[in-house]
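S.K.: Protein chains in written order, with the numbering used here: chain W, 1 to 244; chain G, 245 to 724.
These are computed hints drawn from the structure, not numbers from a lab. It is possible that part of the hints are untrue.
Said to hold, decoys possible - Label pairs and their computed distance ranges (CB to CB):
id: 1; chain 1: G; residue 1: Phe481; chain 2: W; residue 2: Glu68; range: 19 to 25 Å
id: 2; chain 1: G; residue 1: Ile434; chain 2: W; residue 2: Phe15; range: 36 to 42 Å
id: 3; chain 1: W; residue 1: Ala223; chain 2: G; residue 2: Tyr553; range: 52 to 58 Å
id: 4; chain 1: G; residue 1: Leu617; chain 2: W; residue 2: Gly60; range: 27 to 33 Å
id: 5; chain 1: W; residue 1: Ser142; chain 2: G; residue 2: Met573; range: 53 to 59 Å
id: 6; chain 1: W; residue 1: Ser61; chain 2: G; residue 2: Lys473; range: 53 to 59 Å
id: 7; chain 1: W; residue 1: Gly60; chain 2: G; residue 2: Phe481; range: 37 to 43 Å
Stated by the list, open to error - Below, computed lysine-lysine pairings styled on DSSO-like, alpha-carbon distance capped at 30 Å:
id: 8; chain 1: G; residue 1: Lys366; chain 2: G; residue 2: Lys719
id: 9; chain 1: W; residue 1: Lys114; chain 2: G; residue 2: Lys719
id: 10; chain 1: G; residue 1: Lys421; chain 2: W; residue 2: Lys136
Values in this document were obtained by computation on a predicted structure and should not be read as measured data. Ideal placement from N, C-alpha and C gives every residue a C-beta, glycine not left out.
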Amino acid sequence: MSDTIIQIKDVNKWFGDFQVLKNINLNVEKNKKIVVCGPSGSGKSTLIRCINRLEEHQQGSIVVDGNELTEDTKNIEQIRAEVGMVFQQFNLFPHLSILDNCTLAPVWVKKMPKKDAEDLAMKHLEKVQIADQAHKFPGQLSGGQQQRCAIARALCMEPKIMLFDEPTSALDPEMIKEVLDAMVNLAKAGMTMIVVTHEMGFAKEVADEVIFMDEGMIVEKAATNEFFANPKNDRTKLFLSQIL
Amino acid sequence: MNNINFLKPDKSNLNLFLILGLSLVFISIFDVFLSSFFKINATGFLPTSISFLLPLIIGFIGLHFIRIEYSGIRTLDEINKNFNNNNFNAVLSLLIIFIIIKSIPPVLNWTIIDANISGNSKEACTGDGACWTYIKVWLRRFIYGLYPNEEQWRINLSFISLLALGSLGYFATEKFKKYLTLYYVVIYPIIAFLFIFFFISGGPVFFDFSYGIIASVVAIIIGFFVPNKFKLYYFCFVPLAVYLSLNLFILPEEYVELGKLEGLNWVETGAWGGLALTFIVSFFCLIFCFPVGMALALGRRSELPFIKYTSVIFIEFWRGVPLITVLFMSSVMFPMFLPEDFFLDKLVRVIIAISLFEAAYVAEVIRGGLQALPRGQYDAAKSLGMGYWKMHIFVILPQALKLVIPGIANTFLALVKDTPLILVVGLLEIAGMLQMAKTNPKWLGYSMEGYVFAAVVFWIICYAMSKYSYNLEEKYKTER
């Protein structure tokens with residue numbers, strides 16, 4: 001398949017003696033939106049952290065946009081620049097203003113001129129509707145605004161793939177919506193996305209495929225409608241009955 | 245006004261208790277004041293022990309009377325809350341007030357009233373108090389050490405120009421702000437070094453330069469402009485090759501007489517001293533120990549075993565030995581290991597020794613800051629494609645250093661106060677000069693004044709530094 005952008009093959013990973021990922025196989029095509037769900041401790045965060053090598057896998061291979069993830073540092077930095085990531089805890093840089101948070105990586109990693117980087121950052125901040133906060137510091141913003149800034153920061157690197165690691169789990173209920181709106185807009189713009197989330201409404205709205213993980217394995221993988229209407233695995237049924 | 249319970253003062257008789265209590269407290273303090281300032285014992289007619297304790301007892305009763313909760317008078321409530329909230333604290337407060345009052349007259353007498361400052365010899369000191377004449381006469385020595393009097397303008401000029409250059413940061417416009425770090429970290433120390441090297445010493449003092457060393461330093465500087473692709477290879481080979489080829493084949497034995505300015509006399513470092521030397525040693529040690537400490541802190545957290553264990557061993561070694569041993573080693577043992585034609589001045593050796601010693605402490609302080617950062621910051625920086633250096637320079641270190649400003653200020657203050665130890669290798673900074681002046685036969689018996697003077701000088705320096713560190717803290721404070 002020519003437009004496969006992420007190829008995960010037979011990946012195993014251990015933390016000490018504990019196996020977190022067991023025989024993961026996953027292909028993600030370009031412009032597809034994948035939602036990963038499952039109970040906590042099932043290895044979903046670890047899986048997407050492996051995709052930009054914040055965690056190392058010990059067996060198997062992961063190929064992102066034609067580059068295999070190996071120990072080679074330059075290769076990893078190049079891949080990370082193409083893969084944006086948004087974290088549960090936002091992880092904005094508290095010593096930099098919102099605008100500087102967004103321009104830091106384009107200027108120093110992509111060697112973009114400062115002026116262009118600022119224009120780009122403002123464009124993306126505009127998209128997530130916090131352009132008016134550009135000169136504030138992260139500590140002065142609400143959780144929802146911080147998370148939207150984190151999305152804009154990742155977008156400023158103009159990534160081909162966006163990874164979301166439970167982006168709404170640390171937010172108040174009324175802030176979840178503003179972040180999800182930003183993500184829906186992003187999905188509609190055609191970004192390839194892998195989202196770890198418990199927001200099933202979001203999954204129904206944008207996902208092409210839903211993956212259910214439990215105990216380090218992919219238990220079920222199906223198209224969105226199929227997944228919600230007609231889950232096959234008992235574990236999935238139980239999970240869905242609890243969460244919906 | 246009917247039921248006055250003197251054991252339980254309450255609000256209904258507020259004014260009565262207030263007047264009674266305040267006058268009792270006033271009487272007790274006044275009694276101590278009289279006996280302390282005018283040597284009048286107002287209660288002398290009583291037996292000694294009662295007379296001695298009377299102010300305390302009276303004051304205690306007075307404080308008991310004014311201890312009225314929610315009196316409605318703000319000052320009174322504040323006093324009650326902070327100094328007078330129970331009997332024990334009331335006694336403590338009184339005792340502290342008494343001790344302060346008691347100790348003022350002797351201190352005043354010694355430092356000012358009975359002190360002498362006129363005259364130029366020991367004979368001028370006739371009073372019982374301090375002999376500031378001693379400080380006055382020796383002031384030049386305390387500030388400049390044994391540096392010749394007619395050359396001291398060189399020190400003054402250097403320090404004033406360095407101070408002026410150092411304050412440039414305050415006047416920098418927006419446009420130049422981004423170069424300030426570069427200026428302070430690289431350019432300013434070089435200027436300072438040149439000033440001291442050429443101007444204060446005025447001769448070939450610190451170490452000899454060969455053409456080879458100069459050429460290789462130039463080669464290193466050029467190296468920063470080499471394209472990234474070849475940088476590593478360039479740095480590995482070119483400077484060394486330049487040095488070796490120049491030294492071995494072209495110009496063997498050729499040394500440059502650097503550090504010689506026309507018309508300036510050479511003052512060897514042995515003659516430097518006093519406050520000027522304190523400043524020079526502290527300044528260079530601060531400048532050198534900080535980057536070394538930062539490198540060690542990063543090294544200790546490195547994933548490469550060689551770098552990690554080198555840093556650990558280095559840090560633990562320097563933290564494990566006393567400074568005084570380090571200084572002895574640097575002046576006595578170290579030269580033995582050097583080749584015979586290699587000359588490194590004692591002052592330089594001492595500065596290097598103290599810098600490495602303090603670097604180990606700075607490293608551990610900075611490591612504390614690095615560990616306080618949440619892992620998410622590393623993740624976020626990595627996920628944006630930053631490599632190790634970019635991540636540390638732009639994300640990790642700015643935050644970690646901000647966190648450890650108090651710790652670093654602590655280490656630096658300790659460093660400044662450790663500088664008198666260079667006395668043991670024969671360099672006489674201000675405390676060393678005191679030691680020398682104290683044993684001068686003409687001025688025996690005035691060590692007290694000297695030490696008070698040194699204490700005040702050190703206190704001023706250290707207090708300024710700690711104030712500055714508070715300012716920095718305020719300046720870089722951001723909400724998390």
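S.K.: Next, verify each hint and record whether it holds.
M.R.: Hint check:
no. : hint                              : in the structure
1   : Phe481(G) x Glu68(W): 19 to 25 Å  : 33 Å, violated
2   : Ile434(G) x Phe15(W): 36 to 42 Å  : 49 Å, violated
3   : Ala223(W) x Tyr553(G): 52 to 58 Å : 53 Å, holds
4   : Leu617(G) x Gly60(W): 27 to 33 Å  : 32 Å, holds
5   : Ser142(W) x Met573(G): 53 to 59 Å : 58 Å, holds
6   : Ser61(W) x Lys473(G): 53 to 59 Å  : 29 Å, violated
7   : Gly60(W) x Phe481(G): 37 to 43 Å  : 41 Å, holds
8   : Lys366(G) x Lys719(G)             : 50 Å, violated
9   : Lys114(W) x Lys719(G)             : 25 Å, holds
10  : Lys421(G) x Lys136(W)             : 20 Å, holds
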